[in-house]
Amino acid sequence: MAVAIEKLNRLGLNRDDYKGAHTTLCAGCGHNSITNHIVKALYDSAIEPHLIAKMSGIGCSSKAAAYFVEHAHGFNGAHGRMPSLATGAKLANRDLVVFGVSGDGDTASIGLGQYCHMIRRNLDMTYIIENNGVYGLTKGQSSATADLGSRPKRGPANRYEQIDISALAIELGASFVARSFSGDGKQLVPLIQAALAHRGTGVLDVISPCVTFNDHEGSTKSYAYVKDHDAPVNTPDYIAPLEEITVDYEPGTGQDVELHDGSHILLRKIGPDHDARDRMAAMRLLFEARQSGEIVTGLLYVNPEADDLCTREALTSRPLAQLPVEELRPSREQWDALMAGLA
Amino acid sequence: MAVAIEKLNRLGLNRDDYKGAHTTLCAGCGHNSITNHIVKALYDSAIEPHLIAKMSGIGCSSKAAAYFVEHAHGFNGAHGRMPSLATGAKLANRDLVVFGVSGDGDTASIGLGQYCHMIRRNLDMTYIIENNGVYGLTKGQSSATADLGSRPKRGPANRYEQIDISALAIELGASFVARSFSGDGKQLVPLIQAALAHRGTGVLDVISPCVTFNDHEGSTKSYAYVKDHDAPVNTPDYIAPLEEITVDYEPGTGQDVELHDGSHILLRKIGPDHDARDRMAAMRLLFEARQSGEIVTGLLYVNPEADDLCTREALTSRPLAQLPVEELRPSREQWDALMAGLA
Amino acid sequence: MTGDVLNDFCIQAATVNGSGSQSSNLVITKALHHMGIPVAAKNVFPSNIEGQPTWYDIRVTPQGYQARKRTVDILIAMNPATWERDVANVRPGGAVIHEAALPRFGAADRDDVSWYPVPFARLAREKLEAKPDLRKYLQNMIYVGVLAELIGLDPAAVEQGVRDQFRTKPKAADLNLAAVQIGVDYTRENLVKTDPFRVAPMDGTRGTVLLDGNRAAALGSLMAGCTVLAWYPITPSSSLCEAFIDYAERYRVDAATGERRFAAIQAEDELAAIGIVLGAEWAGARAMTATSGPGISLMAELTGLGYYAEIPAVIFDIQRVGPSTGLPTRTMQGDLSFVHTLSHGDTRHPVLLPGTVLEVYEDAQRSFDVADRLQTPVFVLSDLDLGMNLWMTAPLPYTERAVDRGKVLDAEALEQVTEWARYRDVDGDGIPYRTLPGTANPRAAYFTRGSGHDEQALYTEDPDVYAANVDRLRRKIEGARTLLPAPLVEEAGNRVAICAYGSTHHAVVEARHQLADHGVETDYLRIRGLPLHPAVAEFIARHDRVYVAEQNRDGQMEALLRQELPGELADRLRSIRHFNGVPIDAEAISDPVLAGEQAQREPAEHQAVDAHRVPVA
Amino acid sequence: MTGDVLNDFCIQAATVNGSGSQSSNLVITKALHHMGIPVAAKNVFPSNIEGQPTWYDIRVTPQGYQARKRTVDILIAMNPATWERDVANVRPGGAVIHEAALPRFGAADRDDVSWYPVPFARLAREKLEAKPDLRKYLQNMIYVGVLAELIGLDPAAVEQGVRDQFRTKPKAADLNLAAVQIGVDYTRENLVKTDPFRVAPMDGTRGTVLLDGNRAAALGSLMAGCTVLAWYPITPSSSLCEAFIDYAERYRVDAATGERRFAAIQAEDELAAIGIVLGAEWAGARAMTATSGPGISLMAELTGLGYYAEIPAVIFDIQRVGPSTGLPTRTMQGDLSFVHTLSHGDTRHPVLLPGTVLEVYEDAQRSFDVADRLQTPVFVLSDLDLGMNLWMTAPLPYTERAVDRGKVLDAEALEQVTEWARYRDVDGDGIPYRTLPGTANPRAAYFTRGSGHDEQALYTEDPDVYAANVDRLRRKIEGARTLLPAPLVEEAGNRVAICAYGSTHHAVVEARHQLADHGVETDYLRIRGLPLHPAVAEFIARHDRVYVAEQNRDGQMEALLRQELPGELADRLRSIRHFNGVPIDAEAISDPVLAGEQAQREPAEHQAVDAHRVPVA
Ligand SMILES: Cc1ncc(C[n+]2csc(CCOP(=O)(O)OP(=O)(O)O)c2C)c(N)n1
Ligand SMILES: Cc1ncc(C[n+]2csc(CCOP(=O)(O)OP(=O)(O)O)c2C)c(N)n1
Ligand code: SF4
Ligand code: SF4
Ligand SMILES: [Mg+2]
Ligand SMILES: [Mg+2]
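Protein chains in written order, with this note's numbering: chain Y, 82 to 424; chain B, 82 to 424; chain U, 710 to 1326; chain S, 710 to 1326.
Derived by calculation from the structure, the hints in this document are not laboratory data.
Ideal Cβ positions, reconstructed from N, Cα and C, are used throughout, including at glycine.
Just so you know, not all the hints are guaranteed correct.
[As the list claims (entries may be wrong)] 25 Å max Cα-Cα, derived SDA-like pairs, lysine to any residue:
1. S:Lys880 / Y:Lys267
2. B:Lys220 / S:Ser732
3. B:Lys234 / Y:Gly343
4. U:Lys840 / U:Thr966
[What the hints assert, rightly or not] So the derived list for chain S, only partly shown, Cβ under 8 Å to chain Y, looks like this:
5. Pro879
6. Ala881
7. Val918
8. Thr936
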């Protein structure tokens, strides 16, 4: 019997090993495309499935955590509380590759506080916001990333300015912020890989149209709008530490960023000459794009030097979850001295 | 008997009419100074006491709401939830002058989500954060505005970068953001008056040393530090709409901003040539100050054109709380038609 | 045809959500209603947006029963994913209308049902002039025609149903009517009726309308003069808020200026929603929020603030299956005890327990009065079944009644009183007088706080003052016992009774008939509020055994009753629990009651201490 | 001198906080302890930082009673603001040591007490070589000397007390000792003792240490192998977390590398704190948080997630006075029923109820085992009195006991089992087996969710699967009845008994002696956990009347008991409630019991339905 020869990654796994349960999202939903890109990125980066901890909140987007890497543990938590759950998981076992999927409602409304504080702590995780400007799962109310004046399928037009979750992250000192589009796997896959390699919070703000409630004309989160207004600042190529640097494209005008594990992300600049290490430049870029109605995509900002949470907390290199209790108790002598001091 | 002639404000009230209960805060606490500046500002601006709604969260700072304008209603709410309580109060009665006092723990930790969303809605209120980098009332833990490396009186040094609540507000599109220092009444009083005149959220981020837990060397929220590192971008003078513009100082190099009620704030520039209408400039200013360890004070950003919440919601000009129920019910004809449609 | 079953059977449409079947099912429901046939509709839908199994049960019943029925008499099978199980659920002698392409083998190959295969997809493709995606959607309208023809729906009633459904879109109505006709024609030409189910016009719906509880709640709030709504979307409460906004936009916007006499804020979460409500009520507006389980949990802290600082608030809890995210689109009565004492410390909140759409409307209005009168947060407990399903109800009566804003002193009233203290019990009912911010009287101001305060609202840590104040609060809420509606009592001197509350009512009505058929006559007690009305204990004292039926796992009402009743009465209670997320049906009550009564006649075994806590169902 | 009262009286130091009086009071407490005299200290402090009234009660008692006593025998009056009231509280025949400048008129001019005016401010100014602000602080140390001399504290014990207090700062110790000496000298030279109170060494403290419950909880968590602490500051729980951090920094940091074998995260709020705990426990670490009322409210939603997704967690609730912000620095047992069923829907959590510092230590350890064994959040309920006050206790025993991590399958164990399903009840105890993220076995992975799931942890909305799963959860938590400690029972065949839990214990001990003195012999039942142990009902069944004493307004434990007990037993309960925020004292129990027993002997009036719900105290 002829067996199709599948391409295996460094771990000897094929792409199907990174797939998950069958999606229950709407056909055509941007979230499903992102799921595919996640599968490819995890496969390309050859992450051990059993070390992945898939985290999410609540929403259509958050459901997606079940739709990739079936053989990874996953945690579909509570609405807006994924950052804290992920923080605990990483502290307990710093070997885990924490991979989060959230929505704009989940992150920018109910979860905004936790999102900001996760960024402040620079928790080492990949954090994807599947941003559709709408509450998909509760049937189409505007979210806090909806644009001023945008009309949801029912109910009044949105009267409030959007929260720009990328710009917010950069203002808060995030160490890795990229924006992309669910339909642009060529850009998104290497960005996910880079976020995986980055040690710190890798924020990926991915415009992901909701075909059911927010794909109509006038929505800046519709397929049509993004296609027309996407202004990529760079198209990244991700180079894993084990690969040779001599890849099949020209660094040319590129900017090369070395990440924690020795891997590189190489940005081919298409848009304005953006330096992804320059925080103020990133802020300005986003500010100007917002004003002109453009959606800039690409790696907006990265700071590989920032210490992540576990480093700041000086955690032992062994996962806390695996320390035997004997190593966690004071000795009998220490104890007796302690008690003697209380008499 | 000789009676001291007290200066009365436009309403015929004297300054004592704006005082509140006796403080229970520590002697020397920055919050007490701010209370005095609030008293002066409300008196100078001649706000009707009975129209003031004093709002606060929980903390030493939040207690301060009881220490000014005794004859105003006040609401010392729950920790971090003042923005929502204030939102409800303003919606119910848009005639109220909503005046909020919060702390850095109250605003930047537990209340961060509500703070951000209040700004997004541009709720018309004055929102003072008495920022001491510490949790005073719970005895000195570091807050999220504490600087990296700062040592609280007990416990480990703070390992996380501060959240800059002014910069955050500007990033989120706040319409009025100023920073000042509890010890600088000359700067703070006119800023409070301007915030009162501004229609929208007036964020006042006021460094207010905690003498008990965070006034030691090395703390950037100590009296000593602020005195050495204060870099005022402007010294404002507030001119009420009823006063003549021919006052006793020279507009000279100043920037003049007209606020909603026709009042003016006049900024005398001392620091770099800062344009308080330029959002990116304000962001840059704060960013650079943070990097150099400077504390820029003054009016950082103002946008008098931004619509406030009640305007966006197109509320009737009469307070909702005062509408008789007859005006709130459909007519019998409308009702019957409605019911007929359900048969 | 094995007999004639007239106006008394159950139709189940098994479809996938997002396919537009909702319109078809509503057309059927409305057509039946137009024919004067009582109808009860239950939508059992998934927690996602498209492509997952959905069941819509339409029960026709001459008695007007509104509860779910377990039996499926006619299945309309459109969903390949659940096809086999759906067919298996049809009762022997039932009928199956199905997409002809569905394979009839395995469990789906029964010979005790009538089969009506219809090539819906092909018919839509061949006969309908419409865009492909619309065609897919119109397939479902074809089954309306098939069913109509098979059971004898009045074509005029169907047309009216369609026109109701597409009131504002006459062109869409025509297209849908064409689809219905395709079904009718196909049936006439190709199918032979072999099942016994049919309908005939009757006079069972006159003077009734079809309405869901959430819209009734919205209308009640509107009539009560609620001006501030703060909410965060969550199934199954969102439609309440959306309905309020719809109505308010219709009736509360000044035509000339566009100015609005309401504010509806979609908050960033439930903590903010309840915060906005409390802030608005504090400043004198009537305000409300609606949520479900997870939102209730998030409102815990601020609800306690409302209780202790004595601020009115109205919170609708449209209950769904918990704990945690649970089954967001299924129904339950699982929050009862949690909301009643929501928040840390000693708290207790009045809870209204409407059982019908009409009561939802009344209780929505009442809740604002109770909240204002008692100056405290009030919960209205509904559930997904009552809130989101369509119910037959009398039209909601117009209200001209004045509202009770409770003890509010305005500037003028303040002039009249010599002494005023915000938290003083002047009238002996535990209820103090309040003022509103903005009152132009220097004595009006007081300082509200969630921390210790004395009668003057001044901060205090004095132990006696603290204790006296919270004891006053206790007395104040005690007053709710008689302020809330008395229980509904149907009594004929029987020794056995059923006790229920909320939407469980409808299954009880039917269960009592079933029990009577089995020779067990029962009395009925329906509790309408917490804390309990004195009449509750009195009723129980007149009965030997009281079966408490509720839709939760832990018998929450029964537990609350036991807490309050003298032991001798507490021991008369028997707990019946239904907690699988589908609306309770009559048998879920009549079966355990029958079993219990049977056991009663046999000698009782020695009972373990907590035997009564073991679930009966 | 009117008589001799030896080792049995109560000293109250009335000061303002932030004035350093805390050190003085600790020195007195420790000195007494060093003399072998049992001592009980209660700090009644305000919710602010400086300048507000604070009372520190030091009770010396030969019996070793640890409860608060209402009587003040010796007052040390340093606070002008409360001076009159403080003096009024001194019992006739008592003594008042006071700042000489305080004016003795009005209520403060009593002639039935001994007056000891001392010019503290002047003495400090004139006799102490110290900076002015330090001098102010040292004034308080002077009163230690005055008291020592008046009641006869052993100077060596006082010195040891001072040295204990300033262990790491010998220079400060010397300065403080000098201040003490000033007080001693002044007293010798100027005051004549006219009161009867004095101490003499005894042998009542051998083998005991002085420790607060919060430090005991921290040590218990440390010994249990807790590695992740997530918290948000809130009185009175902060000191638990801060103690854990102190100890962990002492015992868990690698001296060579500085690497830490723990993580302590000050979260942004309590929602995040419990989130971090659940995330860490899910990933296999032992994790805990500590909070108080408002924090409990905020943890409601995620605690329900922990319950339903079956994730261990340990939550310490150091109760303070609620509802709302309440009195943050006062004690109460007001969260009992709220935590037990925290979160919407049907939830139920095991609750541990330690009554002594030693039990806090044991229960802290036990809570992690119970959480792991049952895979569910577990609450440890302490309170401000137990948590923040100093208690005499046996030294905490070192633990070498292995911990119970419950049913965890690692990669190897998974190899051994042929079939594994995350939520399957294999052993009949309702407890499934779990795996941890990171387990190197492809079968280890499962998907955790707060929404409906089947045995395989797959998403489902199936009604039967849902119901079966939550019913398993119910059975699982039922198992806690015997997993948690059995109640403490002291029984001698009496018909009357007292039931209590937590810190109320200490008042009961004393109240029973008082009652015996009045001829009422009582048995004693102390409940140590929820859900209730079977022995609780058995005990009640052996008694005619059981007085349930607790520190809340609503009689929460009594209500929980009534829920579960057969009516006949429920009716034997009498509720005693103390809820003013100061720790309960013996009379608060013995008085109502005496009254109740008296009433018992008189013919009972007809009782209203909820008569038993009317607070007795
Ligand atoms: C506490 C709480 N409140 C509300 C909900 C209801 N809810 C479920 S998903 C959701 C919004 C989801 O929006 P988003 O995160 O943008 O995800 P999307 O569906 O658009 O992908 C809400 C409000 C909930 N599950 N929990
Ligand atoms: C829900 C909740 N968590 C914790 C607390 C305890 N608490 C009271 S004040 C405070 C922090 C106050 O800090 P900040 O806002 O900076 O005010 P400051 O005292 O420094 O002026 C905390 C954590 C509380 N009251 N409520
Ligand atoms: S509703 Fe929108 S977000 Fe949700 S699955 Fe459908 S397309 Fe995607
Ligand atoms: S503790 Fe600090 S913040 Fe609080 S009152 Fe004292 S000085 Fe002010
Ligand atoms: Mg979304
Ligand atoms: Mg602070």
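query: Can the restraint linking lysine 220 (chain B) and serine 732 (chain S) be considered satisfied, given a maximum Cα separation of 25 Å?
result: holds (17 Å)
Pair hint lysine 234 (chain B) and glycine 343 (chain Y), alpha-carbon separation not exceeding 25 Å: violated (40 Å)
- prompt: With 8 Å as the cut and Cβ atoms as the points, is alanine 881 (chain S) at the interface with chain Y?
  reply: Interface hint status for alanine 881 (chain S): violated (18 Å vs cutoff 8 Å).
Distance restraint between lysine 840 (chain U) and threonine 966 (chain U), which requires alpha-carbon spacing of 25 Å or less: violated (41 Å)
- prompt: Does the CB of proline 879 (chain S) sit less than 8 Å away from some CB of chain Y?
  reply: violated (16 Å)
- request: Given the hint that lysine 880 (chain S) pairs with lysine 267 (chain Y), test it: the Cα-Cα distance must not exceed 25 Å.
  value: Roughly 70 Å between the alpha carbons, so the hint for lysine 880 (chain S) and lysine 267 (chain Y) is violated.
task: Using Cβ atoms only, decide whether valine 918 (chain S) comes closer than 8 Å to chain Y, and label the hint accordingly.
output: Because about 4 Å separates valine 918 (chain S) from the closest Cβ in chain Y, which is inside the 8 Å limit, the hint holds.
- request: So, threonine 936 (chain S) near chain Y? Judge it on the closest CB pair being under 8 Å.
  value: holds (4 Å)
In this structure, the hints that do not hold are numbers 1, 3, 4, 5 and 6, in rising order.
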